[in-house]
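Protein sequences appear in the order of chains A and B.
Residue numbering for the first sequence follows the working numbering, starting at 97 and increasing by one per position.
Residue numbering for the second sequence follows the working numbering, starting at 124 and increasing by one per position.
Derived from the structure by calculation, the hints contain no laboratory data.
Yeah, the Cβ is synthetic: ideal placement off N, Cα and C, and Gly gets one too.
Incorrect hints may appear among the rest.
[Stated by the list, open to error] Derived list of chain B stretches under chain A, where covered just means 3 residues or more per stretch with a C-beta under 8 Å from a C-beta of chain A:
1) 186 to 195
2) 251 to 258
3) 333 to 341
4) 427 to 435
5) 477 to 487
6) 502 to 514
7) 672 to 686
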Amino acid sequence: MFKIIFRPLLVLLFFSVLTGAVYPLLITGLSQTLFPRQANGSIIIKDGKPIGSELIAQPFTQNKYFHGRPSAVYQTTANSSGSNYGPTSVKLMDLVKERVAAVTRTNPSADIKNIPADLVLASASGLDPHISPEAALLQVERIVQARNISKELIIKIINENIESQQAGFLGADRVNVLKLNLAIDAIMEAKHE
Amino acid sequence: MTNSFFEICVSMVLLILLSIPLGKYLAHIYSGKIVWLMRWMSPVERFIYKLFSVNDSEEMSWKVYIRDFLIFNIWGIVILFFIQVFQNHLPLNPQHLPGLSWDLALNTAVSFVTNTNWQSYGGETTMSYFTQMFGLTVQNFVSAAAGMAACAAFLRGFVRHSTEMIGNFWVDLTRSVLYVLLPLAIIFALFLVSQGVVQTFKPYVNVQTLEGQSQSIAVGPAAAQISIKQIGSNGGGFFNVNSAHPFENPTPLSNFLETMAILLIPFAFPIFLGEFLNKRKEGWAVFIAMLILFVAGLGLALSSEMRGNPILKNSGVHCGINMEGKEVRFGVIPSVYWEAATTATSNGSVNAMHDSFTPISGLVAMFNIAIGEVIFGGVGVGLIGMMFYAILALFIIGLMIGRTPELYNKKLGESEMSMTVIAIVLPCVTLLALTAIAVALPVGLAGLNNSGPHGFSEIFYAYASGVGNNGSAFAGLTANTPFYNLTLTLAMLIGRFATIVPALVIAGSLAQKKMSPENRATLPTASPVFVGILCATVIVIGALTFFPAVTIGPVLEHFQMTAGKLF
Chain A
97 MFKIIFRPLL VLLFFSVLTG AVYPLLITGL SQTLFPRQAN GSIIIKDGKP IGSELIAQPF
157 TQNKYFHGRP SAVYQTTANS SGSNYGPTSV KLMDLVKERV AAVTRTNPSA DIKNIPADLV
217 LASASGLDPH ISPEAALLQV ERIVQARNIS KELIIKIINE NIESQQAGFL GADRVNVLKL
277 NLAIDAIMEA KHE
Chain B
124 MTNSFFEICV SMVLLILLSI PLGKYLAHIY SGKIVWLMRW MSPVERFIYK LFSVNDSEEM
184 SWKVYIRDFL IFNIWGIVIL FFIQVFQNHL PLNPQHLPGL SWDLALNTAV SFVTNTNWQS
244 YGGETTMSYF TQMFGLTVQN FVSAAAGMAA CAAFLRGFVR HSTEMIGNFW VDLTRSVLYV
304 LLPLAIIFAL FLVSQGVVQT FKPYVNVQTL EGQSQSIAVG PAAAQISIKQ IGSNGGGFFN
364 VNSAHPFENP TPLSNFLETM AILLIPFAFP IFLGEFLNKR KEGWAVFIAM LILFVAGLGL
424 ALSSEMRGNP ILKNSGVHCG INMEGKEVRF GVIPSVYWEA ATTATSNGSV NAMHDSFTPI
484 SGLVAMFNIA IGEVIFGGVG VGLIGMMFYA ILALFIIGLM IGRTPELYNK KLGESEMSMT
544 VIAIVLPCVT LLALTAIAVA LPVGLAGLNN SGPHGFSEIF YAYASGVGNN GSAFAGLTAN
604 TPFYNLTLTL AMLIGRFATI VPALVIAGSL AQKKMSPENR ATLPTASPVF VGILCATVIV
664 IGALTFFPAV TIGPVLEHFQ MTAGKLF
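Generate coordinates for the entire structure from the input sequences, incorporating the hints supplied.
Now the structure itself:
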């Protein structure tokens with residue numbers, strides 16, 4: 097009887113050590129050796145300070161920066177969430193109207209009837225670091241005005257920052273907003289020097 | 124867009140090619156053989172048997188197998204419950220997260236032990252690194268292994284005759300972990316880290332953003348858990364948004380391979396059936412039936428999602444493309460492919476928010492789950508579920524032609540039929556009854572994030588996910604309340620044990636029967652007719668049981684969306 101009841105517990109404890117301690121420690125050791133940058137969050141360092149992760153969106157509101165996707169969370173807190181609004185949600189449609197209006201207000205080239213979907217609809221994670229190339233191009237005029245920089249140069253930087261479909265057929269073309277803004281910051285800084 | 128269809132095709136072809144050797148490999152593993160590639164693991168196996176005085180040549184009757192299976196599960200729930208409640212007193216808690224409430228801890232413990240991985244919580248704001256590793260990751264392994272073990276034991280009922288013995292639970296469990304899950308998980312975890320999935324014990328990273336705000340970035344030992352959550356049909360995310368989170372699924376390539384990891388072992392199980400019973404064609408017949416149902420659902424979901432949302436189009440969104448709740452790096456089509464894969468198998472991880480899919484695409488997800496996770500289904504248990512439908516189909520045909528039904532040379536009698544009916548009907552009844560109770564009570568309606576038909580869908584989906592042991596959600600529902608935590612706990616328990624216990628009873632009964640030779644009146648189980656009947660049985664049972672529910676949920680919402688009505 098004792099064996100019937102307690103052997104399962106002992107087996108569970110054994111597997112807890114094997115798969116709950118040995119296995120994750122092994123993976124941690126190997127990843128910290130082989131891929132230390134990725135394993136620690138793909139953090140971008142600028143002037144010796146961490147300024148963000150290339151995989152995690154950060155909020156951009158200033159006119160001189162490209163803006164990312166709408167989010168259902170405060171991107172500065174360690175949290176993640178989608179809006180979870182369904183396709184007939186009145187709350188969602190009100191938000192979309194506001195966002196479409198805001199995008200057209202700040203971007204002179206935007207067509208109010210044809211806004212790229214990713215720019216006015218919230219991401220799944222709330223932390224989507226990317227926007228579509230179309231959503232980036234739509235914001236060019238605004239950046240040109242705010243930064244006093246040539247349109248051609250901005251478009252060139254966008255094109256350089258487009259991450260194409262992986263292996264030619266996986267996923268979608270996209271632009272990393274943080275990397276794009278960093279690239280433009282770098283050019284402006286070079287200009288001033 | 125054509126590229127994304129190509130992505131699905133490449134994925135399916137690769138999966139079919141991989142599932143053939145894996146199916147054969149499983150047959151070796153559960154026959155007690157060791158493949159040379161895995162010889163290095165066998166000292167560990169022998170060490171375990173010695174340590175726990177398991178005699179690996181001593182087999183169990185169905186009663187003993189069920190007993191050990193259940194006691195092992197009960198201990199799993201107890202240990203995991205206490206780890207969560209007392210995580211603030213345990214190590215590896217750099218964010219100083221408090222212990223969980225008892226109802227949430229119970230729900231989560233049952234959820235991970237039953238291979239459901241329903242999550243009423245958000246990982247990065249609730250669980251310490253210790254809980255994630257030593258509690259949740261462990262159950263990711265052993266709950267998957269227990270399901271695979273149960274399937275092997277179930278199939279032994281067909282392989283053997285004139286015996287009471289259906290295998291040794293401890294041997295099946297140990298072999299599933301050591302020879303299948305652990306090696307796959309190690310390789311896949313390292314690949315995930317190479318793509319950008321985090322694996323560290325350091326606290327969350329604080330940075331100063333370009334606009335000068337301070338941002339806290341959640342990290343943790345995620346890769347080790349994400350790897351096994353996909354391989355073992357678990358699906359419980361390290362972070363709140365699961366595999367939509369860039370740290371769980373950073374690139375299109377990681378997304379491609381995670382989708383394949385969800386489907387891989389479930390694809391291999393019908394092949395394993397063919398190899399194990401030495402009836403390859405019969406295995407392929409079951410595989411093809413599953414594939415037909417999977418592709419049909421996927422096609423329907425894709426056609427709906429690609430048409431987009433007319434209300435969004437009228438609001439100025441380009442083509443009405445439904446990017447709400449989806450990530451740019453994946454795009455629409457790979458998100459729908461994942462949705463179909465994660466609901467057809469009982470995985471339940473998500474790379475897009477199911478709550479925000481178009482109604483018909485949500486309907487496909489609900490159907491895949493509600494019929495009992497038999498379209499490939501969870502590791503091991505998916506095939507068991509499909510066998511229940513096969514038994515039912517043969518019984519119905521037997522009634523029509525006036526013969527005792529037979530499956531794989533075993534006559535199906537009263538005991539098999541009673542168990543099958545329990546396994547198919549009890550989860551369905553539980554799902555419908557709990558949904559009805561929740562929509563009738565203020566405490567049930569209090570959790571809704573959407574109103575109108577979509578609100579009903581949120582509740583129905585939650586209980587379907589519970590009894591189907593899937594774990595995905597229309598996540599707008601605020602489920603972390605005592606009402607939902609406890610009713611969903613009940614749903615998950617019934618879903619798991621009303622599948623596995625009847626299956627083992629059937630195995631015990633079949634193992635004692637003699638092999639009956641095939642004759643002219645035997646329905647060939649390797650024929651297109653059988654494939655057709657099996658598919659039809661699944662669809663008819665599903666449609667009869669859930670037609671009223673889906674009509675007032677997703678179907679109604681589809682028409683309202685087309686008409687431009689908002690709630």
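Hints, verified against the model:
1. Only residues whose beta carbon comes within less than 8 Å of a beta carbon in chain A count, and the segment 186 to 195 of chain B has 4; three or more means the coverage holds.
2. Look at the segment 251 to 258 of chain B against chain A: 3 of its residues bring a Cβ nearer than 8 Å to a Cβ of that chain, three or more, so the hint holds.
3. Counting residues of the segment 333 to 341 of chain B whose beta carbon lies closer than 8 Å to any beta carbon of chain A gives 8, which reaches the threshold of three, so the coverage claim holds.
4. A stretch counts as covered by a chain when three or more of its residues have a beta carbon under 8 Å from one of that chain; for the segment 427 to 435 of chain B and chain A the count is 3, and the coverage holds.
5. Judged by the Cβ-Cβ criterion of 8 Å, the segment 477 to 487 of chain B is covered by chain A as claimed, because 5 of its residues qualify and three suffice.
6. Counting residues of the segment 502 to 514 of chain B whose C-beta sits closer than 8 Å to any C-beta of chain A gives 0, which falls short of three, so the coverage hint is violated.
7. A count of 3 residues in the segment 672 to 686 of chain B with a Cβ less than 8 Å from any Cβ of chain A is obtained; the coverage claim is therefore met, three being the minimum.
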